[in-house]
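> Sequence:
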Amino acid sequence: MQDLQETTTVDVEETGTNGDTVWDVIIIGGGPAGLAAALYAARAMRSTIVLEREMPGGQIATTSEVEDYPGVKMTTGPELSMMMMEHAQNFGAVVNIGDEVTDVDFAGVVKKVKLSDGKTMRGKSIIIATGAAPRTLGVPGENELRGSGVSYCAVCDGPFFRDGHVAVVGGGDAAFDEGLYLTKYASKVSIIHRRDEFRAQKVLVDRAQKNPKMDFITSTVVEKVNGDGKIEGVTLRNLKTGETSELPLQGLFVYVGNIPNTAMFKDAVKADENGYILVDDTMATHTPGVYVAGDVRKSPLKQVVTAAAEGSIAALTADKYLDHLAEQEAPAQAETKAEDPAGWRTEY
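Residue numbers for the sequence shown follow our numbering, beginning at 49 and rising by one.
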């Protein structure tokens, strides 16, 4: 198996990055959604390239243990990422690591994707799988202990904290939903919130307050995450008194929101007020030939398996689009404004 930092990046001329090559499918983002899309697109005999700016796997590549992916009893995030990438490559997909997309033009039948080095790639269809980054606390120790006690996904990592004391930072629905979920495993769950009142639905707050495993620390922020190699606790500061205190912990779950990685697409596809791209059940956007998969769309579940499922749906939908494009579009129209040959345009 390849090393995570030694993944396939092929020559510019081979990939058509700076030439006349028009890819059938360009996938922006190499996380589980993007790699699953690459597998299905390449398996459908479509010329496929994945553009990933950092490393394959996305957020999952930073997870120390994965035990909830079907068919894989236990593995690490980097290992699962490599397995997914190599599976797609086995069917002919090209995975380019270090290619950062800076701008896009989806107006024509042939879409254009500009890279940070100034080169432009062209493709008949696009799958956006750039994901959403969890908002961080931005405090010392948080990034250093990410994956070693600091988590942004209770469903992913909760089982690793059986009988331990964990804390959830946040006061919204997600914080309470995940806090309640964590009581299945942890012996104690502390909700830490910077305000006196919670933003979560009353039914969730009531349920949490009735749970004997949960307690609440309000008007308080996390100043620092402490630990050497793994989390040992946090330093708290009360916003009313200014006093600091230490809270020993085995795990810290941060739920202060997510930021979808969609800034570069704001003029190319429709999104909601939070930046999540709008799609229909086939993962199609309102822009013909442009599809979405994974955390970049609004979804109540953010799991590796659901991201992979959406990637496969997006690729299969793109495959059908390309079939109709071949039937109905003449070569001379390749640079003209796109119509939706499949008739799948969705109104939002």
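If you are wondering where the hints come from, they were derived from the structure by calculation, not from laboratory data.
Keep in mind that the hints are not guaranteed to be accurate.
[Unchecked claim] Taking lysine-lysine pairs in the DSS-like style, the calculated list, with each CA pair at most 27 Å apart, reads:
1. 288 with 160
2. 162 with 346
3. 236 with 350
4. 350 with 314
5. 314 with 236
6. 232 with 261
7. 236 with 167
8. 250 with 350
9. 314 with 278
10. 350 with 232
[Claimed, not checked] Label-pair distances were calculated between CB atoms; the ranges are:
11. 243 with 207: 27 to 35 Å
12. 276 with 150: 33 to 41 Å
13. 210 with 263: 13 to 21 Å
14. 188 with 134: 33 to 41 Å
15. 245 with 135: 21 to 29 Å
16. 235 with 294: 14 to 22 Å
17. 212 with 320: 33 to 41 Å
18. 211 with 285: 26 to 34 Å
19. 242 with 191: 18 to 26 Å
20. 150 with 305: 23 to 31 Å
21. 127 with 315: 49 to 57 Å
22. 151 with 188: 47 to 55 Å
23. 277 with 184: 42 to 50 Å
In this text, all values refer to a predicted model and were calculated from it rather than measured experimentally.
Ideal Cβ placement from N, Cα and C applies to all residues, glycine included.
> Going through the numbered hints above, which ones does this structure break? Give me the numbers in ascending order.
1, 5, 7, 9, 15, 21, 22 and 23
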